[in-house]
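Engineer: For reference, the chains in residue letters:
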Amino acid sequence: MPLLKFIFSIFVAVWFFVGVSGTTYAGSLLQDLENALMCKCDDKCGKVLVNCTCSTSDKTRAKFSKMLDSGLTVDQIIKSQVDEYGETVLSAPTKFGFNLTAWVMPFIALVAGGVGVRKVIYSWVGKKEKTATQNDEPEEKTATSEKYSKRLQDELDGIEL
Amino acid sequence: MNDIGEFTLLIALATAIYGCVAYIMAARGNRIDLYLSADKTPLIVWGCVMISSICLWRAFLTNDFSLQYVWAYSNIELDTFYKVASFWGGQKGSLLFWTLLLTTYTVVVHFQNRKKNLRVVPYAMAVLLTIIIFFLCLVNFSTNPFERIPLPPEDGRGLNPLLQNYWMVIHPPTLYLGYVGFTVPFAFAVAALISKNLDDGWIRLTRKWTLISWFFLCMGNLFGASWAYVELGWGGYWAWDPVENAAFMPLLIATAFLHSIMIQEKKDMMKVWNMSLVLLTFVMTIFGTFITRSGLIQSVHTFDEATLGYYFLAFLFVILFACTALIVSRLPLLKSKNQLDSFLSRESGFLFNNLLLLGIAFATFWGTIFPIISEAVRGIKITVGPPFYNQVNVPIGLALLALVGIGPVIAWRRATLSNLKKNFLKPLAAAFITAVALFPVIPLGSRVENYTYVAFILCAFVMTCILSEFYKGTASRMGLHEESMFGALATVTWRNKRRYGGYIVHIGVVLIFAGIAGSQAYGTHVEKHLKPGETFKIRGYDITYEKLVAVEATSVKTRVIAQLDVKRNGNHYWTARPEKEFYKGQNQPVSEVDVLSTWREDLYMILADFRDDESATIKVYVNPMVSWMWTGGWIIAFGTMISMWPDRLEQRRRLERFRREETLFPSPAQE
Chain A
1 MPLLKFIFSI FVAVWFFVGV SGTTYAGSLL QDLENALMCK CDDKCGKVLV
51 NCTCSTSDKT RAKFSKMLDS GLTVDQIIKS QVDEYGETVL SAPTKFGFNL
101 TAWVMPFIAL VAGGVGVRKV IYSWVGKKEK TATQNDEPEE KTATSEKYSK
151 RLQDELDGIE L
Chain B
162 MNDIGEFTLL IALATAIYGC VAYIMAARGN RIDLYLSADK TPLIVWGCVM
212 ISSICLWRAF LTNDFSLQYV WAYSNIELDT FYKVASFWGG QKGSLLFWTL
262 LLTTYTVVVH FQNRKKNLRV VPYAMAVLLT IIIFFLCLVN FSTNPFERIP
312 LPPEDGRGLN PLLQNYWMVI HPPTLYLGYV GFTVPFAFAV AALISKNLDD
362 GWIRLTRKWT LISWFFLCMG NLFGASWAYV ELGWGGYWAW DPVENAAFMP
412 LLIATAFLHS IMIQEKKDMM KVWNMSLVLL TFVMTIFGTF ITRSGLIQSV
462 HTFDEATLGY YFLAFLFVIL FACTALIVSR LPLLKSKNQL DSFLSRESGF
512 LFNNLLLLGI AFATFWGTIF PIISEAVRGI KITVGPPFYN QVNVPIGLAL
562 LALVGIGPVI AWRRATLSNL KKNFLKPLAA AFITAVALFP VIPLGSRVEN
612 YTYVAFILCA FVMTCILSEF YKGTASRMGL HEESMFGALA TVTWRNKRRY
662 GGYIVHIGVV LIFAGIAGSQ AYGTHVEKHL KPGETFKIRG YDITYEKLVA
712 VEATSVKTRV IAQLDVKRNG NHYWTARPEK EFYKGQNQPV SEVDVLSTWR
762 EDLYMILADF RDDESATIKV YVNPMVSWMW TGGWIIAFGT MISMWPDRLE
812 QRRRLERFRR EETLFPSPAQ E
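One line per chain: the protein sequences are A and B, in this order. Its first residue numbered 1, the first sequence is counted upward by one per residue in the numbering used here. Its first residue numbered 162, the second sequence is counted upward by one per residue in the numbering used here.
Chain A with its partners taken away, still in its complex shape:
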């Protein structure tokens, strides 16, 4: 069914394009920073800055606002934070080196699973066809049964079991 394959390909293309297109967030630069960094309060709250409500997070936001006003870019501020606290201050793994495995692994698993499922389904369909061939009836019977099979199939298509 080439039409279905075409629709499926378009769906996958859109899916992929949307995933790689555009910036991550639509908000302000401060919001980008709040999303990219963890709160480093004494309580070790373990929250992303944008989700944190402690007094440390308020101070951090004020500090970042000042840094942005002084002309520093988001990347420069993030780098300064990583230098101060280490990689743990980032709210998500970087996309290079060993950390890349964090990002890639789920999709590798999904693609491998998809290939596996496709193979399994085709093998099950093949098994059915093989069984059907082995159980072939004489020709005059097949013509009649085909007629009824087709009618049954048409009706089954229309109803739910």
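Hints listed in this document are in silico derivations from the structure and should not be mistaken for laboratory results. This one's a predicted model, so the numbers in the text were calculated from it and none came from an experiment. Some clues are possibly wrong.
[To be verified] Quick list of in silico lysine-lysine cross-link-like pairs, DSBU-like style, CA-CA up to 35 Å:
| no. | chain 1 | residue 1 | chain 2 | residue 2 |
| --- | --- | --- | --- | --- |
| 1 | B | Lys-728 | A | Lys-66 |
| 2 | A | Lys-130 | B | Lys-583 |
| 3 | A | Lys-59 | B | Lys-745 |
[Claimed, not checked] One-sided excerpt, in silico: chain B residues whose CB lies under 10 Å from chain A:
| no. | residue |
| --- | --- |
| 4 | Ser-509 |
| 5 | Leu-519 |
| 6 | Thr-525 |
| 7 | Lys-780 |
Virtual Cβ for every residue (Gly too), placed ideally from N, Cα, C.
Assemble chain B onto chain A, guided by the hints.
Structural biologist: Structure of chain B alone, referenced to chain A:
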């Protein structure tokens, strides 16, 4: 009373051990005397754990601070409502509560199957009792809630203020009912493997248990999200915290299981797969408990005394090893015909649905454990937070959403082009119209906005798919029986509870997707430091800060309330009263947000800070479509109820089947 509570826990443990051994020996040796003796143990164990729990509740309600646990999680001033809920507020009590729920479920299973399914039930009871033994060992020897303080203090430390919310009474029990409930399908699956009764009997026996557990876990997650939304004061509801993930993963796997058992029931296929899914669901519930109680992964939800990790890890490995060995040893018996008519069929749709659900579960699992892997490999601890999960799970989730629409409409066995055209033309048209209609009005550009656009298109597609199914059923009934539209709709739904209940659940899922998409992409917030009388604007609202009021609510709690007047189009719209609560002996105040929720958007107010001159820092979020999520949750609850509602026809079929079945032990009449 405390001595009684402690003692009954020991009796429960001894009885559970006896019961477990007796059930196994009865089943293996066909000994009815042992079976009848073992059959009394579930009730005794439940009774003992219940007495113990009542003793602990009594200690909370009577302020018995001689118990270390009561001292740590309660105080004299605590409301009775929260004293009852403090039972599960800490590690020790929550484990006892878990045990109480597990023994309660076991008793229900015991009464449900007293005189039937005797080839499987003794083993299932033995498995349930084994798990009860594990928890009773923890409660007796590692985290005993009846541990005493030699010199009892006059007052307790009190419950964490964040837990003093009505959701504390609702959310943990609901979540636990879900977590613990998955033990029952697990027990029956293992029993089927041990007893070699590997037809779909165990699935029929446990389908409702799986559905009930799924329902509670789903509701537990939504209640948790709701609690976070109103209590934590950051304007959101889900933070991809490891403990939240731990509750999310079994839900996904159980959802995959609930879908794939339909193939086993209809076509006697995928036996190994279904068995693996039900075992994996249970393993994930234990993994979740391990995360919450190990302290290995940083989370706001973990318990203070996170020392139980090793026990749960060992238990987890034992289960994994035993289950894998059992499945491998029974592989020849689990073989099924595994034949499909066509690649393009509902069966294939279910397989891909399983793939995507497990894909999200794996991505979530991978993200949860990646900090540990990174530390082990590189020696550097990293954080895996919301940006990772959103970027990885959202595209997979959208593909899953598409399948929610495709699955119910595509034909079983073989879908033909004419069938596809007939069923998908209207949904595709709805999707196209939505795409065209939304394109000029909603912002696009950022990844979140693009995903949201796609999500809305898919929501329209899926909703049309589901509604057209309702329409088809109703229209054919109206034509055949000349019923009114609502009458026909009700009859069609009632006569096919499982199918239409499932569709209703899908409608709820669509609303949740729409709510998440809308709130994530189009939310906005502003933070202002204001003096009384000052006004600011946000998304068409004019908000005036009026005054600050301090109220001493109780001797341990003081509330500071900010009053704000909200105008829309120049007219008074709402008076908001966000507040901060100060608890005696607590360093950090707690924010109590005020939310005005409409179907369009939530106006969410937080009193972030205030000063002596009555100036205050106010944070306002405008979160679109959040109420769609909660509505979706209630629709899921309604759909699940319909799906689970007893079906007389099915019951009759089952009864006939049980009558035909041979039993392990003959009834006295047969003897």
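Engineer: Run every hint past the structure and note whether it holds.
Structural biologist: The hints, checked one at a time:
no., hint, verdict
1, B:Lys-728 - A:Lys-66, "holds, 32 Å"
2, A:Lys-130 - B:Lys-583, "holds, 30 Å"
3, A:Lys-59 - B:Lys-745, "holds, 24 Å"
4, Ser-509, "holds, 5 Å"
5, Leu-519, "holds, 7 Å"
6, Thr-525, "holds, 9 Å"
7, Lys-780, "holds, 9 Å"
In summary, this structure violates none of the numbered hints.
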